[in-house]
Amino acid sequence: MGFSENPKFCLLINKLIKKSKVIGVFLSIIGVIFFLVFNKFNKNAELDARTFTQFVGNSVLNKKNEKFYNDTNSYFMNYTYEGKEDIIKLIYDYIRKNILVNVENEMVKIKLTDRIEQNILISNVGCKYCNNMESLVVVINFDFKERKYFHSVIIGLTLMEHFSKCNYMSKDVTFLFTNKELLYSLGVQEFIQKYFYNNTNRIGKKIIRSSTIIEFDSIYPSYIKINYEGLNGMLPNQDLILLLTNELHFYSIPIKMELTHGSIFDMALEKNYENGHIYFLRENIPAFTATGGSKVPIRNKMINLFNLTKALQSYLRSQSNTHEGFCHSSNFYFFNTFRRHIPISIYCYSVYLICAYSIMKLFKSTIFRSYINFLTGFYTYLITILIISLPIYLISTNKKFYELLNFEENYIPSCYEWHPDNFDKYIKIANIWWNVLFFSIFGAFFFNLFISFLVNKKRKVIPKKNDQNESFDGYKKVEKVERILILEKIKELQNEIMKRKGITNNHNNIKNYNIYTNENIYNNNINNINNNNNIYENLYDNGEVKKNILVKPKIINSDDEDFLLEKKNSEFIKKIEKQIEILEEKLEFLSNDENVKYIFYNNSIAPFNTMMIYMNIFYFILVALLSSLYNWSYSVLFSLLFVIPISILHNLKTKPVRIFKKIILSLFILCMFIYMYPNDNHLWNIRQKLTNLFRNNISKCCKYLDKHKILQSKYFPESLQFICSNRLFDSFYSNKYFLDNLNIKFSYVLDIQNGFLLTLYNLARNHFCIGTATYPLICFTLFPIVFYIVFLFFC
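Under the working numbering, the letters of the sequence shown match residues 8 to 802, in that order.
In short, the hints are calculated from the structure, not lab data. Positions of the beta carbon are idealized from the N, C-alpha and C atoms, including for glycine. The reader is advised that the hints may include incorrect statements.
Taking CB as the label site, the calculated pair distances span [said to hold, decoys possible]:
no. : residue 1 : residue 2 : range
1   : T120      : L735      : 34 to 40 Å
2   : T120      : N69       : 45 to 51 Å
3   : N576      : V44       : 53 to 59 Å
4   : Q695      : V39       : 27 to 33 Å
5   : Q695      : R103      : 52 to 58 Å
6   : P261      : T120      : 39 to 45 Å
7   : S421      : F203      : 24 to 30 Å
8   : T120      : V44       : 35 to 41 Å
9   : Q695      : L633      : 34 to 40 Å
10  : N442      : F203      : 46 to 52 Å
11  : V44       : D737      : 19 to 25 Å
12  : G778      : N463      : 28 to 34 Å
13  : D737      : C137      : 44 to 50 Å
Please take these sequences and the hints and turn them into a complete structure.
Laid out in structure tokens, this is it:
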């Protein structure tokens with residue numbers, strides 16, 4: 008007998024299934040708790056010693072290089088800027104004048120609009136004694152408005168001057184100078200397009216082994232922040248980051264890493280779309296951004312920029328020492344600190360644990376055992392998704408859609424501007440999309456009502472009453488007949504009869520009846536079980552039991568208590584015998600060689616609401632599991648947002664619990680309505696007051712915890728630190744503005760009432776311009792699930 012055919016194993020599984028609700032709730036709670044504290048289960052972030060040098064601090068920059076650094080800094084600080092000069096042309100002239108050997112320069116013009124043009128500068132420093140088929144890319148991303156504080160430019164020129172004279176490099180070093188103001192790091196995009204896909208590059212094409220973006224957000228940086236998150240869950244090789252952080256730590260430069268849960272939040276919503284390294288990651292090139300920043304720009308706390316230059320020189324030299332690609336085993340990770348990381352083998356399980364209750368609820372249900380129920384629910388849900396999501400997605404991101412319908416005007420977002428002066432225009436465009444979504448939801452509502460009418464008509468509902476005289480619709484679920492469970496139930500009922508007849512003392516003498524033997528389970532002579540007398544003969548073949556059964560009863564009066572008890576027991580035994588007869592009838596469905604069989608009744612089509620509740624659970628699990636394969640961050644946020652309303656949407660039996668369920672679902676629907684309602688009215692004031700209330704209370708809690716030094720405790724969960732930071736309420740659109748660099752404003756009053764529509768526009772713009780996946784995920788997953796939660800709750 009195989010393990011799966013073992014009767015005891017089958018009975019154990021059946022008992023666990025009966026407790027699946029409790030087990031599922033327990034596992035889901037464990038999953039949420041594990042997600043909040045998983046960053047505590049971290050590992051050492053160690054550099055792969057086989058690939059790079061084992062020792063840090065190998066910089067060979069000397070006093071001459073420091074003098075060049077200081078002279079370059081003085082040149083740009085003392086240069087008289089007129090305001091109209093091309094900074095890229097200025098850098099190009101400086102390189103031709105001061106770095107004379109072994110440097111190839113190419114200036115490329117980028118045309119943004121009919122009125123706006125920009126230049127990028129590509130400078131390649133070739134290695135002297137090598138086969139220059141490989142290259143390391145350093146992107147100098149600087150803001151043209153910095154003028155006197157071109158920190159990244161000065162560092163880049165110092166490195167270029169050093170590498171142009173050194174003899175130890177085995178790879179070329181390519182420097183890219185580009186304007187940080189350009190939206191979506193357009194300079195990096197143009198470089199990749201020209202380097203990989205055009206044939207006009209005079210510098211030549213090489214294998215790019217890595218790319219490092221250097222930029223500064225502060226004129227007096229006090230730390231270096233490492234941004235490594237890419238789009239759609241992409242990450243650079245861990246060794247590349249560790250190589251630089253080890254060098255920075257050696258030169259006593261403070262390093263800042265984003266909180267783990269902050270990185271998850273940013274990756275899920277793809278908030279790092281302005282970082283240039285994401286485009287190198289798309290080309291399978293390891294890349295990250297090193298940003299100099301400060302909480303408060305104070306000159307006395309500024310880091311030593313020449314030490315930063317030395318760290319970068321040693322970092323690039325270490326990469327040049329290896330003649331192979333990166334081979335670190337951990338490809339999916341989050342950094343806890345620059346010394347420790349959390350690999351995917353630790354954090355990936357929280358999504359599956361969070362969804363455990365929904366998964367068990369779906370597998371336990373008998374609704375989808377009938378293929379008619381599954382196909383009806385599946386196609387209804389699929390058509391509903393297309394009705395709701397496809398129109399708004401096409402009208403906001405697809406130009407061919409307008410060409411097909413011959414529309415003169417389109418409502419596609421612009422990729423070349425993002426500016427507060429035009430926010431009203433963006434909001435009007437997003438409002439048109441939202442109106443399309445509203446009519447789509449209206450159409451989906453009537454479509455589901457029509458399907459519900461057809462399902463109810465097909466079912467031919469006939470009102471019936473059960474034993475408690477309660478009305479029900481006559482729906483019979485698909486029933487599973489399993490021989491071992493029926494025999495076990497018969498045994499339990501027979502034992503109950505024996506107890507009622509007062510023969511429990513001899514219960515241990517019944518040794519010959521064992522339902523776990525092959526003879527009883529796989530008994531081919533099922534026709535011998537015809538009535539209760541035959542069953543009694545099979546069960547009670549022990550002599551002492553028969554003797555006790557045939558004992559002459561005591562003569563009692565009709566008003567005696569023993570008589571009344573005996574009468575009650577007799578009625579109870581008759582009910583048990585009736586149950587045994589029903590069980591025997593179920594056994595008749597099984598043929599000689601069958602142990603399991605499903606019974607499909609004529610009206611086994613489920614009620615529409617019940618069918619779609621379980622289809623909603625099915626789609627929720629499908630989205631959570633599939634999205635976890637390529638963007639785990641979105642998967643976990645999606646699961647946390649919907650696991651409670653999805654889990655409690657099904658019908659609950661007890662009235663107090665049903666009321667509690669309705670309260671939770673009502674609050675969820677109300678919050679979704681408040682934060683997704685687009686129009687200008689007093690509801691916006693409610694939203695603002697509610698948000699400010701949350702932010703103020705969280706800030707007070709944060710100050711209290713900081714005052715008592717609880718935040719600094721190593722046992723305090725990092726997830727709560729992230730919540731205390733109030734980043735959950737940050738806007739989803741960037742404060743990086745670009746319209747025309749001749750008319751740039753520096754201060755804006757961003758009291759935007761339609762922040763939701765502006766966020767919707769920005770998400771669609773990101774998807775249309777650079778292919779982020781957040782917007783289509785929201786359209787095709789969030790909107791349909793919210794629709795069915797509301798529809799099934801009210802209908």
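Taking the hints in turn, this is what the structure says about them:
Distance hint for T120 and L735: a CB-CB separation of about 36 Å, consistent with the stated range 34 to 40 Å. The hinted range of 45 to 51 Å is satisfied by T120 and N69, whose Cβ atoms lie roughly 47 Å apart. Taking 53 to 59 Å as the suggested C-beta distance range, the pair N576 and V44 conforms, at roughly 56 Å. Distance hint for Q695 and V39: a CB-CB separation of about 29 Å, consistent with the stated range 27 to 33 Å.
As the Cβ distance of Q695 to R103 is approximately 55 Å, the hint placing it in 52 to 58 Å holds. At roughly 40 Å, the beta-carbon separation of P261 and T120 lies within the given 39 to 45 Å, and the hint holds. For S421 and F203, the Cβ-Cβ distance of about 26 Å falls inside the hinted range of 24 to 30 Å, so the restraint holds. The hinted range of 35 to 41 Å is not satisfied by T120 and V44, whose Cβ atoms lie roughly 50 Å apart.
Roughly 36 Å separates the CB atoms of Q695 and L633, a value that falls within the hinted 34 to 40 Å. Checked against the hint of 46 to 52 Å, the pair N442 and F203 fails, with Cβ atoms roughly 41 Å apart. The supplied range of 19 to 25 Å is met by V44 and D737, whose beta-carbon atoms lie about 24 Å from each other. A hinted range of 28 to 34 Å for the beta carbons of G778 and N463 is inconsistent with their spacing of about 44 Å.
Our hint of 44 to 50 Å for D737 and C137 holds, since their Cβ atoms are close to 47 Å apart.
Violation of the numbered hints given earlier is confined to hints 8, 10 and 12; the remaining hints are satisfied by the structure.
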